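This is what each chain is made of:
Protein chains: 4
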Amino acid sequence: MVVVMSPDATDEDVAHVVARVEGVGGEAFVSKGVVRTIIGLVGDIDSFHHLNLRTLRGVADVHRISDPYKLVSRQHHADRSTVWVGREGRQVPIGPDSFTFLAGPCAVETAEQTLESAQMAKSAGATILRGGAYKPRTSPYAFQGLGVPGLEILAGVGEATGLPVVTEVVDARDVPVVAEYADMLQIGTRNMANFGLLQAAGDAGKPVLLKRGMTATIEEWLMAAEYIAQRGNLDVVLCERGIRTFEPSTRNTLDISAVPVVQATSHLPVIVDPSHASGRKDLVVPLSRAAIAVGADGVIVDVHPDPETALCDGPQALLGSELRELAQAVRRLPPIVGRVDAGSLVRTV
Amino acid sequence: MVVVMSPDATDEDVAHVVARVEGVGGEAFVSKGVVRTIIGLVGDIDSFHHLNLRTLRGVADVHRISDPYKLVSRQHHADRSTVWVGREGRQVPIGPDSFTFLAGPCAVETAEQTLESAQMAKSAGATILRGGAYKPRTSPYAFQGLGVPGLEILAGVGEATGLPVVTEVVDARDVPVVAEYADMLQIGTRNMANFGLLQAAGDAGKPVLLKRGMTATIEEWLMAAEYIAQRGNLDVVLCERGIRTFEPSTRNTLDISAVPVVQATSHLPVIVDPSHASGRKDLVVPLSRAAIAVGADGVIVDVHPDPETALCDGPQALLGSELRELAQAVRRLPPIVGRVDAGSLVRTV
Amino acid sequence: MVVVMSPDATDEDVAHVVARVEGVGGEAFVSKGVVRTIIGLVGDIDSFHHLNLRTLRGVADVHRISDPYKLVSRQHHADRSTVWVGREGRQVPIGPDSFTFLAGPCAVETAEQTLESAQMAKSAGATILRGGAYKPRTSPYAFQGLGVPGLEILAGVGEATGLPVVTEVVDARDVPVVAEYADMLQIGTRNMANFGLLQAAGDAGKPVLLKRGMTATIEEWLMAAEYIAQRGNLDVVLCERGIRTFEPSTRNTLDISAVPVVQATSHLPVIVDPSHASGRKDLVVPLSRAAIAVGADGVIVDVHPDPETALCDGPQALLGSELRELAQAVRRLPPIVGRVDAGSLVRTV
Amino acid sequence: MVVVMSPDATDEDVAHVVARVEGVGGEAFVSKGVVRTIIGLVGDIDSFHHLNLRTLRGVADVHRISDPYKLVSRQHHADRSTVWVGREGRQVPIGPDSFTFLAGPCAVETAEQTLESAQMAKSAGATILRGGAYKPRTSPYAFQGLGVPGLEILAGVGEATGLPVVTEVVDARDVPVVAEYADMLQIGTRNMANFGLLQAAGDAGKPVLLKRGMTATIEEWLMAAEYIAQRGNLDVVLCERGIRTFEPSTRNTLDISAVPVVQATSHLPVIVDPSHASGRKDLVVPLSRAAIAVGADGVIVDVHPDPETALCDGPQALLGSELRELAQAVRRLPPIVGRVDAGSLVRTV
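Residue numbers (the UniProt record's numbering), protein chains in the order written: chain A, 1 to 349; chain B, 1 to 349; chain C, 1 to 349; chain D, 1 to 349.
Chain A extracted, bound-state conformation:
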């Protein structure tokens, strides 16, 4: 930490800061400039937070130097992690050596629609099935998901197709039941800072797919992952899904740079959701290609056998020729960037 004194700070002001820092066992290095004095703090950063240094007389600013997250940082865990998703006997990796394709319907509507979507996904090369039984919707008047019956459908379709299943949980009270049916819990963008939910997911004993809050910085996103990790669960996969900006032509702006930025600071795998980022079917294929090329550990997309009747996000669901085009990209591009298909690495022990 660095404390920047204001130009009119007195020697007493500086001494007071030093005394407070030393009072909690820290060291304070004072650099007196012509205009300002700056004080470098060395020691336990958590103890410095409680000092409220910004409130002290003569203090102009306080700069944090270190990253605030620990368990998800690469600092003490240099190798990037692989998260395995699935039941014993069949686990699919998401990590630095492979490329994982996740697909499925935005919402589980019926057993037929879910099965058909899963078969489309699988034929296109997907190795993990996505689908929503609980939908967080901006409007209380919109379809909110089937709930437990939806989970049952999803689990059945997962078993029938041999695909592990990831599904969203929106309320801490639902975590146990969702964890019973699903192979991976998804925390959605609107709940990234729902700390009770993060902790419940951390306790559930299943891998977690943590979407970035549409208005969260990368640091806040990693802090949310830290909440899960702190409960002893390091099987967290991050998912970039677009951030809110002033540009109206896409629903959100896919922050493609977030992938290498996260990989430089955290050991957790990171995938990309081009469907929700753009909200436009015609952008899903080019953005998926960009995600693979930038080095993402996977992509997750919406598919639906009949987007016209979909109960949720129909305009972004792929089918037909676009899905074939995506399947081709998923086959051809990962080897160019040094990755193998996750399907070839499935762990069957």
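Read the hints as simulated data drawn from the structure, not as lab findings.
There may be inaccurate statements among the hints.
Because identical chains share one entry, a pair is satisfied inside a single copy or across any pair of copies.
Quick list of in silico lysine-lysine cross-link-like pairs, DSS-like style, CA-CA up to 30 Å [claimed, not checked]:
id: 1; residue 1: K32; residue 2: K206
id: 2; residue 1: K122; residue 2: K281
id: 3; residue 1: K281; residue 2: K32
id: 4; residue 1: K70; residue 2: K281
id: 5; residue 1: K206; residue 2: K70
id: 6; residue 1: K32; residue 2: K70
id: 7; residue 1: K206; residue 2: K122
id: 8; residue 1: K122; residue 2: K32
id: 9; residue 1: K70; residue 2: K122
In this text, all values refer to a predicted model and were calculated from it rather than measured experimentally.
We have chain A already, so just place chains B, C and D on it with the hints.
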């Protein structure tokens, strides 16, 4: 709703849209332009949503015309509402005729600190006490609040000072206990889109203070209020607390225009939180003055007897001369904009 | 400046930074932490910029500590400045003791419309006339202003009504002719970073009204003012006019906090433009009240005798009852915040 | 255009709108809903703009339906365009069939540094040389470029290496001299809305590289291109270079989706600048790969033989192993997305 066809849409494409709309009992008015055709839809807007019109061939865009919220809209409820906060025998109004000043510590730390803060608040003219027992923190390593013991302290101090109490609830599972101790439930900025929590708060039988999500549009904020209202609770007070922008000199950017914008479209009261918006003590007084002048129904600010030792947001807490300056503004400005002090309207029946 | 080394930086890396700093005559204070080393730099900050410290091996980050602007800073110029606008014999102040009301049509269309607008403005209490002869328009097909004939009209109306005139200049080549006709040059939001124009305006010998870029930070805005000041012209008035955010209900988001933030760091006067910030007539009066209450040194608004036929920004122009309401606010609110009407301070020497 | 009436609009209000529209030769189709009436306008959209429909009584909102740009739109120009850069005898294409790699130093500092940078660029596969002789800098105290001597160096190095040259022009007054030395004029992000400069560039008879304003919507960017096109110059190449968002870990946020969005609506080529978007050397290679994969027509990057001494943007300049990695990506990825190296298509007639 208006459906905009793309320039290359065929007559069949137009006919298909019309048929779908009529299929759910709506009327479709077709306007054929030189370049494009537009179709105006009349009828039940909710039924149109299920049509996924954007996925139909030849459709370029779909514009929503009406507001998506109903219960909180002024359309069928032209008079602006007053929400009464407090137990029987002593209720303080927040509404269009009065100006209400809410103040207290960011977090409840001890009984002494809470009482002292409450007395500071009351002397400065506050008629409702704020204070947090559950704190949603970005870091799992930061102080998370005292929980139930904090609620007990708060209720006791409220009784001792005669001030109704508002406090935040961050988890749907905590709503019953918070509603037992508090006179008003606060939903914080990070939970504005936590729909399970909104519904639980709507069921709790107490007024709700709904902060704007720091990255929510005004429409999304009103939709969050609609979630509460839909549970039969129309005692919702909105609170503008700054939005996330690119400007780094304040923690968030206070969207002062949100006050008249909300008042034009919703009948709910709306107040302003300059402390959390700016994160800077030196801006709280000028921003409070701006809030009163723009026509807010109240302001809510942080006060603390010793910001240097505060466990939460010390740098923005007022005391001493700044608090006196604020007290003066709260006395002198509301009459200029046609409002009386809420304290003079307390309902004692 | 503070240089933060990465955790794996070597002693040689640190020594290299120190050597580079000392090579340009600076001093480097090294604070070795458990995880990282930080180096505080003392000396001439401009010389440090040329060192490209961020490119050196082992350097993780470089924090600037001081403000990058000098001439417009309060650091060596603690008293806030007053800028006088007008010809000899009649100059209107904009500064800390007064409140100045500027009004007029968005664009000069005809002599009649300009005169009528000026009379409306004057009756409402305005002491400076605004009006555009050169309009920067997003579309090349929109009305671009009358040019020199517009300047002539404006100067004539200014003389007829006794109001000094401020008008926008959009091209460095036009600065001399605009400076000939106008009492104050306006640099618009789209040209805030047009450095050649800023320098030309700085050379013109007239006060400058510098609007904030709609996507500029406050620091960048002050750096733009520094460009003008560096040419020897310190008669710069800043104008907050809204920033671009994700909120769609107003054209831009008025950053009301910018007023006290600027006043804390710069000695230049700062006014507010609620018309262009909101783009909505119904918000101009409440936002003007907020601007006065927050402590702005003035407001500038659009008025037009017939908004329905205005060639530019008709929907935000005031007339009739709204203008009377604004006139009342302009009379009653400034004294509450300790300011007198600029009209009473006119310098006639 | 669609006019949305407010719920309380009267029949007279509707009739007035219809009369105004018909008065300028348009047709108005009225759709009366239960709550609101909407009016679809058909005819010459430019004439409707002058009606100021938003100011009419009873009008709640006006939605534009068509794109405001014409010459740069794909609507009447379905095939995507190729722009040829260079002197007679050697012209390099930027367009839909090829992939063009542009590289060079951020600023021209000396003849040696420029030549060395150009040789690095060429060895890595670049076919067009970039380099700045005029630098728009946020600070008046930063290096502003060499001016005409810089142009001379650049032209000489271009000739020596056989690479066409693109360089920025920041002032309309400099357009003639820059056009004399350079093969392509660059309009930078800060000048995207400098309409006088756009028009001067449109008149200069050379291709223009138009960077996106860091806070411009895609529509505004295309309107800026329309300004150039309207002067008879359709040789415009668009360049996405990052937009301003709340995310601090990169200088700007590369809006990778802008590439396919632009390609869907405009026939102009579009390239990507990952160096300025991210400001981080370590992100240039992955972002370049993403740009190629998403379908960009080219990338433009900063290279410098000695970033430590660079006078501008050293921290983002590539050299050594990173440049070799980029060279490899530029060779291997374009064929996967169906493009050939622009160098193989050089026009020598």
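Going through the hints against the structure:
no. : hint        : verdict
1   : K32 x K206  : neither (52 Å within a copy, 41 Å between copies)
2   : K122 x K281 : within (19 Å within a copy, 38 Å between copies)
3   : K281 x K32  : between (58 Å within a copy, 27 Å between copies)
4   : K70 x K281  : between (38 Å within a copy, 25 Å between copies)
5   : K206 x K70  : within (21 Å within a copy, 40 Å between copies)
6   : K32 x K70   : between (32 Å within a copy, 20 Å between copies)
7   : K206 x K122 : within (23 Å within a copy, 50 Å between copies)
8   : K122 x K32  : neither (65 Å within a copy, 43 Å between copies)
9   : K70 x K122  : neither (37 Å within a copy, 42 Å between copies)
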